[in-house]
Amino acid sequence: MEKLITANSEILIKLKKIIEPYLGVDTKIDDLTGDEDLINDLKINSAHIVDIIIDIESSFDIMIDDESINKMNTVNDAIRVVNQRINQ
Amino acid sequence: MNRRVVVTGLGVVSPNGIGLEKFERSLQNCSSGITFNQQLKNLRFGCNISAIPHVSDELKSKYYSPLFLKSIENTAIIFGGMAGLDAWEDAGLPKTDPEDTDWDSGVIFGCGSMSMDTFIGKKINMVDEGRSRWLGSRVIEQTMNSGTSAFLGGQLGLGNLVGSNSSACSTGTEAVIQGYERIKLGKAKRMLCGSCESHGPYNWGAFDSMRILCRDSNDLPMQGSRPMSADANGFVPGTGSGALILENLEDALDRGARIYAEILGGDINSGGQRNGGTMTAPSPVGVVRCIRSAIENSGIGPGDIDGICGHLTSTMADLLEIKNWAEALQLKRDEFPMINALKSMIGHCLGSAGSLELVAVSLQLYKNFFHGSLNIENIHPEIEKYVDETEIPSQTINFEGEIIAKASFGFGDINTCIILRKWRN
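From first to last, the protein sequence lines are chains A and B. Mapping to the numbering used here: the first sequence position 15 is 1139, numbers consecutive. Mapping to the numbering used here: the second sequence position 158 is 286, numbers consecutive.
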């Protein structure tokens, strides 16, 4: 499986930093493929997804609409959405 | 079912000592935790002194994950969580299984006012600015009164009652009595009981407005809290948290637990805001009934009480409290037991006061000492009509007694009284 999709490396670094604290002690952010489901595979509490979105919004100074939030199931999804918003 | 209930674990985050060892040393030395508070001065409070435990980031990180500390700023939860986890460990109870729920253990962790902590200002501003979308998932648990019990319930995997009581300055003592009753009835084997309180100007502003905070000691903070004094000028606001593990005697003995004290009985009532009672003032009739009922259901007599841990806040209500104790106990001046006031050292920690005082009572019974009270050079002459001044020690003394009675009172004309006895194998 491919590693985290190649994105603007600045985005990736910021996203890793945002998501890392929410991972369980046994999960290392650098081992992820990026296609793991945030809730089912990475066991992130669904309430904390809200906090991750807020962190992403403030870190990239963007707004993510509810429809896009519903599509952000994996780290790679998040990278896609951020890329899209930044390039808008 | 009528089980005996004992105290087997203690945890404390007090303005004059964080952790049992430091707290005990402060009780032995009568060390004050009251300091000048620049923020209150900047905000033009009449009272510029307070009692706040100083918990370093390093210490916090021993109890909480970076993720927790990223979002949880409410000091009531931070202090309460520390005291609660410490009490569990102090009781020698095992780290809980990450998969299993402990159905026999519960928690009652009270709070006078959870939402008024300093952190809430930033959040309220966000709402007013139309930015509630960015509040996130961790504000609710910091505003619900059960924030600390919910945190502790999750950390320890507790499956019995997990909740919070709130009864103003009676909160801490009430939590312990409620936990005691639950075990006595056989509904739980073990209860973690305690209380906490948010701190800072939002919580204290209205007390300052009522002119019931001390205003004459801004230059001499440690002299501000003077319970039972003729010139008591108002209470010094404080915060902290005390926590006690209560356990039924059989289980405690079975697992060879250290026992600090036995809870003999206690009661909770209200004067109904009748007979002199109001929202802010206690009805003497209610207080006297509460103390007498606690003594009666403890199976002792008034003469068996060797020490009193008063509510004694350093206001004019101290005289009324002493009169009420004297009326309830029906003891002559030369029979009145020793009495002390922890608030002389740590101010009035509101909802957390009762639990801090009960940690102190348990320690005193276990270690055979009776802590002194600060700033009692000028006892109110009316108080001296009921209590001989030799029964109000200014320094910590050896204690050979067996039984300490503790009372807390609160806004709403509510009363609590609990009786603890030294444990002898």
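Hints in this document: simulated from the structure, not taken from any laboratory. Remember, it's a predicted structure, so these values are computed and weren't measured experimentally. Take these hints with a grain of salt, some might be off.
[Said to hold, decoys possible] For each label pair, taking beta carbons as the anchor points, the in silico distance ranges come out as:
{"id": "1", "chain 1": "B", "residue 1": "Lys315", "chain 2": "A", "residue 2": "Ile1210", "range": "55 to 63 Å"}
{"id": "2", "chain 1": "A", "residue 1": "Val1149", "chain 2": "B", "residue 2": "Asp382", "range": "55 to 63 Å"}
{"id": "3", "chain 1": "A", "residue 1": "Ile1193", "chain 2": "B", "residue 2": "Glu227", "range": "47 to 55 Å"}
{"id": "4", "chain 1": "A", "residue 1": "Glu1134", "chain 2": "B", "residue 2": "Met407", "range": "57 to 65 Å"}
Cβ atoms here follow ideal geometry from the backbone N, Cα and C, with glycine treated the same way.
Cross-check of the supplied hints:
1. B:Lys315 <-> A:Ile1210: 55 to 63 Å: Holds: the Cβ-Cβ distance is about 57 Å, inside 55 to 63 Å.
2. A:Val1149 <-> B:Asp382: 55 to 63 Å: violated, 34 Å
3. A:Ile1193 <-> B:Glu227: 47 to 55 Å: violated, 31 Å
4. A:Glu1134 <-> B:Met407: 57 to 65 Å: holds, 58 Å
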